[in-house]
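**Q** Dock chain B against the given chain A, drawing on the hints supplied.
Taken in sequence, the protein lines are chains A and B. Just so you know, we're using UniProt numbering here: the first sequence kicks off at 1 and counts up by one. Just so you know, we're using UniProt numbering here: the second sequence kicks off at 1 and counts up by one.
It cannot be assumed that every hint is accurate.
[Claimed, not checked] Derived pair list, reagent style BS3-like, types lysine-lysine, alpha-carbon separation capped at 25 Å: (1) A/Lys185 / B/Lys47; (2) A/Lys185 / B/Lys12; (3) B/Lys158 / A/Lys158; (4) A/Lys184 / B/Lys148; (5) B/Lys270 / A/Lys351; (6) A/Lys58 / B/Lys344; (7) B/Lys351 / A/Lys273; (8) A/Lys20 / B/Lys344; (9) B/Lys184 / A/Lys158; (10) B/Lys137 / A/Lys302; (11) A/Lys185 / B/Lys344; (12) B/Lys58 / A/Lys58; (13) A/Lys43 / A/Lys20; (14) A/Lys185 / B/Lys158.
[To be verified] Going by beta-carbon spacing under 10 Å, a handful of chain B positions derived as facing chain A: (15) His105; (16) Leu159; (17) Leu418.
[Stated by the list, open to error] Selected chain A positions facing chain B (Cβ under 7 Å, derived; list incomplete): (18) Met102; (19) Ile106; (20) Leu159; (21) Thr327.
I should point out that these hints are in silico values taken from the structure, not numbers from a laboratory. On a predicted model such as this, the values are computed, not experimentally measured, just so you know. Every residue gets a Cβ at the ideal spot worked out from N, C-alpha and C, and that includes glycine.
One letter stands for each residue in the lines below.
2 protein chains.
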Amino acid sequence: MAERNYNVDNLKQLQLEINKMNPVDIADRLEVLPEKSVAIWIKLLNKDLLADTFTELKPENKDRVLKILSEENIKDLVKELDEDELVDTLQELPANMVKKLMTRHIDSDRREIINALLGYPEESVGSIMTVNFLSVKSTETPAAAMKKVMESDLDAEKLEQIWVTDESLVLTGFVFIADLIRNKKATIESITQQITAAVSPTDDQEVVAKLSIRYDLGEVPVIDSEGRLIGIVPAEDVIDVVHEELQEDFANITGISDQAESYLDESSLKIAKNRTTWLVICLITATMTGFIIQRYESLLAKAVVLTAYIPMLMDSGGNAGSQASTTIMTQLFSGNLTAKDFIKVIFKEMKVGTLVSLVLVVINFLRILIVDNVNLAVNLTVSLTLFLTIVISNIVGGLLPLVADKLNIDPTVMAGPLITTIVDTGVLLIYFEVASLLLGL
Amino acid sequence: MAERNYNVDNLKQLQLEINKMNPVDIADRLEVLPEKSVAIWIKLLNKDLLADTFTELKPENKDRVLKILSEENIKDLVKELDEDELVDTLQELPANMVKKLMTRHIDSDRREIINALLGYPEESVGSIMTVNFLSVKSTETPAAAMKKVMESDLDAEKLEQIWVTDESLVLTGFVFIADLIRNKKATIESITQQITAAVSPTDDQEVVAKLSIRYDLGEVPVIDSEGRLIGIVPAEDVIDVVHEELQEDFANITGISDQAESYLDESSLKIAKNRTTWLVICLITATMTGFIIQRYESLLAKAVVLTAYIPMLMDSGGNAGSQASTTIMTQLFSGNLTAKDFIKVIFKEMKVGTLVSLVLVVINFLRILIVDNVNLAVNLTVSLTLFLTIVISNIVGGLLPLVADKLNIDPTVMAGPLITTIVDTGVLLIYFEVASLLLGL
Numbered sequence: 001m002a003e004r005n006y007n008v009d010n011l012k013q014l015q016l017e018i019n020k021m022n023p024v025d026i027a028d029r030l031e032v033l034p035e036k037s038v039a040i041w042i043k044l045l046n047k048d049l050l051a052d053t054f055t056e057l058k059p060e061n062k063d064r065v066l067k068i069l070s071e072e073n074i075k076d077l078v079k080e081l082d083e084d085e086l087v088d089t090l091q092e093l094p095a096n097m098v099k100k101l102m103t104r105h106i107d108s109d110r111r112e113i114i115n116a117l118l119g120y121p122e123e124s125v126g127s128i129m130t131v132n133f134l135s136v137k138s139t140e141t142p143a144a145a146m147k148k149v150m151e152s153d154l155d156a157e158k159l160e161q162i163w164v165t166d167e168s169l170v171l172t173g174f175v176f177i178a179d180l181i182r183n184k185k186a187t188i189e190s191i192t193q194q195i196t197a198a199v200s201p202t203d204d205q206e207v208v209a210k211l212s213i214r215y216d217l218g219e220v221p222v223i224d225s226e227g228r229l230i231g232i233v234p235a236e237d238v239i240d241v242v243h244e245e246l247q248e249d250f251a252n253i254t255g256i257s258d259q260a261e262s263y264l265d266e267s268s269l270k271i272a273k274n275r276t277t278w279l280v281i282c283l284i285t286a287t288m289t290g291f292i293i294q295r296y297e298s299l300l301a302k303a304v305v306l307t308a309y310i311p312m313l314m315d316s317g318g319n320a321g322s323q324a325s326t327t328i329m330t331q332l333f334s335g336n337l338t339a340k341d342f343i344k345v346i347f348k349e350m351k352v353g354t355l356v357s358l359v360l361v362v363i364n365f366l367r368i369l370i371v372d373n374v375n376l377a378v379n380l381t382v383s384l385t386l387f388l389t390i391v392i393s394n395i396v397g398g399l400l401p402l403v404a405d406k407l408n409i410d411p412t413v414m415a416g417p418l419i420t421t422i423v424d425t426g427v428l429l430i431y432f433e434v435a436s437l438l439l440g441l
Numbered sequence: 001m002a003e004r005n006y007n008v009d010n011l012k013q014l015q016l017e018i019n020k021m022n023p024v025d026i027a028d029r030l031e032v033l034p035e036k037s038v039a040i041w042i043k044l045l046n047k048d049l050l051a052d053t054f055t056e057l058k059p060e061n062k063d064r065v066l067k068i069l070s071e072e073n074i075k076d077l078v079k080e081l082d083e084d085e086l087v088d089t090l091q092e093l094p095a096n097m098v099k100k101l102m103t104r105h106i107d108s109d110r111r112e113i114i115n116a117l118l119g120y121p122e123e124s125v126g127s128i129m130t131v132n133f134l135s136v137k138s139t140e141t142p143a144a145a146m147k148k149v150m151e152s153d154l155d156a157e158k159l160e161q162i163w164v165t166d167e168s169l170v171l172t173g174f175v176f177i178a179d180l181i182r183n184k185k186a187t188i189e190s191i192t193q194q195i196t197a198a199v200s201p202t203d204d205q206e207v208v209a210k211l212s213i214r215y216d217l218g219e220v221p222v223i224d225s226e227g228r229l230i231g232i233v234p235a236e237d238v239i240d241v242v243h244e245e246l247q248e249d250f251a252n253i254t255g256i257s258d259q260a261e262s263y264l265d266e267s268s269l270k271i272a273k274n275r276t277t278w279l280v281i282c283l284i285t286a287t288m289t290g291f292i293i294q295r296y297e298s299l300l301a302k303a304v305v306l307t308a309y310i311p312m313l314m315d316s317g318g319n320a321g322s323q324a325s326t327t328i329m330t331q332l333f334s335g336n337l338t339a340k341d342f343i344k345v346i347f348k349e350m351k352v353g354t355l356v357s358l359v360l361v362v363i364n365f366l367r368i369l370i371v372d373n374v375n376l377a378v379n380l381t382v383s384l385t386l387f388l389t390i391v392i393s394n395i396v397g398g399l400l401p402l403v404a405d406k407l408n409i410d411p412t413v414m415a416g417p418l419i420t421t422i423v424d425t426g427v428l429l430i431y432f433e434v435a436s437l438l439l440g441l
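Chain A on its own, in the form it takes in the complex (with noise of 0.2 Å):
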């Protein structure tokens, strides 16, 4: 595409190509195309696929596109944009630009709504629903039912499931358009599919994703607390929720506390300040360990060779740690384990962890009695205090997500440095007292 002459010609056959592109890939192009062809390609898109494009700008690319838009564009925009689509925008948006969209360019009808969205919580159920869906009552016919569908001017795609409600409009339900169809002349009633989950607005979003990977759920009605229908949550956002949440538990894991969506955008040190917190937690409570080995001093000196093995033994332990503590974590989120269950998890971890620790424990030994010049008792005190460790740093990694589930607290934010120190801190201790008793030092 020529990005830097621009002809009527080449203009039309502009036009032609980005009106067929995908709002997403439109949207990565201009955050990269020069200024002046910004202007160009947004004058070129059709009124609907420019608020599509529009919502998938990054922030600073919004106050751009708004800045080049005249007012009475930026008018057709605000009209094409959903409710929820504008709280976004809102939010990103510098507070001039806020005030002039809400003042000029928004109805008080719908600002009424936009105010009550951005009254919710970041990453609440409100901050993510939408508001324009459409419902019936239950004593409705279809006939009505499709008169409404008939002339209502939401998206197609918010049209997929019609919500059922009864008079005080407390959800009962929903129905297919395919069944209002092919079902005209039954009750709405009858052809009224049950809800599997409902949430409320206040609700953290990964409530959301914990009931649709449960329930296979693909939108989700969300009510205030009488009952009735306030929103829903779409399953393209389900699904973005289920990304998001599992992406957050991954940064928690390992001590990330605000991992931005763009890496090679984000500056330097927003992204050390974010990594740095954790790494100072952990710099912190492992001087524990510096504690132990200086405490063990003496034993070291008369037998420097045990320094050999503490690196595997440290790495092993936390390496059996974190595989327990993921999987209990994963099992947490997807609702197969809860924290009821942590007697059942001790026995399974202290049976996982002496069959892991057996096969490592001869591995290791044959390999220090080929390999290490090293004396038998030296070899026993290694191989005693690293199936100790793997058995425990197991019971320790599964219990850890439960103990954080229990007291309300995210298991992927407690669990990677406490397992650390744990484990680390156990398996000197174990050593060295293993080593004064078989060595006799």
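**A** Here is chain B on its own, set in the frame of chain A:
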């Protein structure tokens, strides 16, 4: 609910209650109920609810339920199940049961489709797609399409989108039913929505996850090499795939080879097996650190105090490395980064690493100065090693996932053990070399 003593009244009550339950919850109950109650429950369930529940059962219970059901009931059940659900079931059942179902209960038309689906590898798109969809030709009228919907015996949830093909059945787009209703006089072509992305049945299911995250897709169409529509991955399954793929990545990072869906039901031996390989690899690579320490044993004997800082240095390096690798892995998964960006990643991690390590070095220097009774040269040795460790760990952690991606290896599989080995050996080499230099040992 009474489960032990059944009479006509409480059976009726039970029937009412369980037929209001969600199939996922019913399946959960059936897993724990005694045999006799299971038999009663499945007889009380409506046909379609029984089918939905059946697909949610664990393999051994599917087999059990099939043994309880009469031939007649099995025929009904098989009729209710979609081809893709049947395929899932057949893959889980013992051979004799598979043979029985295939020959007695599945007619030849379906057998052909099922055999085709059974041919796709595990975790491929073909193995998760549904072949139950409705398509119309772009030359048909909305009225003709509506007629097809009315006559279709597909579940209504499969009719949210009607797929549009050309005369040679090549996929060209889709229409929403709502748009058919609202545009009775238009042409199908004018209300057809563009396809953002389509996948091939031989693609890995991860492709579906990545596309749907990037483009906010609901349903994803599956096409053959000629572009003809052959299946659909529904939105609920996309959510499952995103969840599964991210869970798999979680497990990979900590070296769990084949995480079971249900931890408590899986045998300890199987769990131990899935964890051991990686631990053995790490155990063996950890011997590298042993060799290094043994090589520098005489140096360590002269300054045992150095040993006290080995765990802290190794932990810090490992933590910094996994922060960097986690960041890059999640960015690769979201498509925000590709292997081509590796120069950018090196510089970014160098900058981030420098910033992070400066903070850590200052804190650590002061801590040693105030708390530990060691001389300045030792403190400087530890500080310099810590600085270099963090910077190098960041760069290595950032690059490894990109290298893996370039080599078409799953970054999550490769990164874990390699980072540990590289960082651990690197830290020790740097430490002892710096010590030789600064302490004159």
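**Q** All the hints need checking, so say for each whether the structure fits it.
**A** Status of each hint after checking the structure:
1. A/Lys185 / B/Lys47: holds, 24 Å
2. A/Lys185 / B/Lys12: violated, 30 Å
3. B/Lys158 / A/Lys158: Between B/Lys158 and A/Lys158 the Cα gap is close to 16 Å, so the pair holds against 25 Å.
4. A/Lys184 / B/Lys148: Between A/Lys184 and B/Lys148 the Cα gap is close to 15 Å, so the pair holds against 25 Å.
5. B/Lys270 / A/Lys351: holds, 11 Å
6. A/Lys58 / B/Lys344: Distance ~20 Å between A/Lys58 and B/Lys344 Cα, so the pair holds.
7. B/Lys351 / A/Lys273: holds, 12 Å
8. A/Lys20 / B/Lys344: violated, 32 Å
9. B/Lys184 / A/Lys158: holds, 19 Å
10. B/Lys137 / A/Lys302: violated, 85 Å
11. A/Lys185 / B/Lys344: Measuring from Cα to Cα gives roughly 64 Å; hence the hint is violated.
12. B/Lys58 / A/Lys58: violated, 44 Å
13. A/Lys43 / A/Lys20: holds, 15 Å
14. A/Lys185 / B/Lys158: holds, 22 Å
15. His105: violated, 25 Å
16. Leu159: With a closest approach of 4 Å, the B/Leu159 hint holds.
17. Leu418: violated, 13 Å
18. Met102: With a closest approach of 26 Å, the A/Met102 hint is violated.
19. Ile106: Nearest chain B Cβ about 24 Å off; hint violated.
20. Leu159: Since the shortest Cβ distance to chain B is 4 Å, the answer is holds.
21. Thr327: holds, 6 Å
The structure does not agree with the numbered hints 2, 8, 10, 11, 12, 15, 17, 18 and 19 stated previously, though it agrees with the rest.
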